[in-house]
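Enquirer: Between the sequences and the hints, there should be enough to build the whole structure, so can you do that?
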Amino acid sequence: DQQVKQNSPSLSVQEGRISILNCDYTNSMFDYFLWYKKYPAEGPTFLISISSIKDKNEDGRFTVFLNKSAKHLSLHIVPSQPGDSAVYFCAARDTGTASKLTFGTGTRLQVTL
Amino acid sequence: NAGVTQTPKFRVLKTGQSMTLLCAQDMNHEYMYWYRQDPGMGLRLIHYSVGEGTTAKGEVPDGYNVSRLKKQNFLLGLESAAPSQTSVYFCASSFGRAEQYFGPGTRLTVT
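Going line by line, the protein sequences match chains Z and S. This note's numbering numbers the first residue of the first sequence as 381 and each following residue consecutively. This note's numbering numbers the first residue of the second sequence as 2 and each following residue consecutively.
Hints in this document: simulated from the structure, not taken from any laboratory. For every residue, glycine included, the Cβ atom is placed at its ideal position computed from N, Cα and C. Take the hints with a grain of salt, since some may be wrong.
Said to hold, decoys possible - Quick list of simulated restraints, FRET-style, between CB atoms: (1) Z/T492 x S/T16: 41 to 49 Å; (2) Z/D411 x S/G78: 31 to 39 Å; (3) Z/K436 x S/T16: 49 to 57 Å.
Expert: The structure is reproduced here in structure tokens:
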């Protein structure tokens, strides 16, 4: 039973354009959502997060949107740069569970020149 | 400030052998976690600890044991390695907020 789903295994976007990565979840008890970025042979690095009481959080080129009624969140990267090419993981925290995170399966983003 | 470090970076084991993976953090974090990452599976939680001397099972704990004798260290043990434990193992730590900070990973192959 996959509680956090990333249905697109890969995405290719041209440099300068917008990248939109999507994530769906099923557990209504999730209270915090995060995006991690992972380069090959490295550990995941935290990118941006959003509390369940908000619907948008912005940090430079990165914006995360949360639609609680649809149990859907998305990460927008504008403008996309070649250095953004990586695997992006969506993660969610279940309230009251030692801050454990449930991860999606990841989306590989390729930003082309 | 090294953050989260993992030892070793690579290891090849034969079926039935045992080994211990070491995770160390210098951020004074209370919480520490062990994950495994397999192709198409994302990261899955093996065991976690909310403080020195405490450990708990995660989503996929079978075949693994852990210990947290010191706040800064979290050890993951495989008593009798199996090919199904071939994976990349990541350690993470946090203050208990949502954000976790990850180490660089250990690539383990069991033949």
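Enquirer: Determine whether the Cβ-Cβ distance between Z/K436 and S/T16 falls within the hinted range of 49 to 57 Å.
Expert: Given a distance of about 50 Å, which is inside 49 to 57 Å, the answer is holds.
Enquirer: Could one say that the CB atoms of Z/T492 and S/T16 fall in the range 41 to 49 Å?
Expert: holds (43 Å)
Enquirer: Given a hinted range of 31 to 39 Å, is it respected by the beta-carbon distance of Z/D411 and S/G78?
Expert: holds (32 Å)
The structure is consistent with each of the numbered hints, conforming to all of them.
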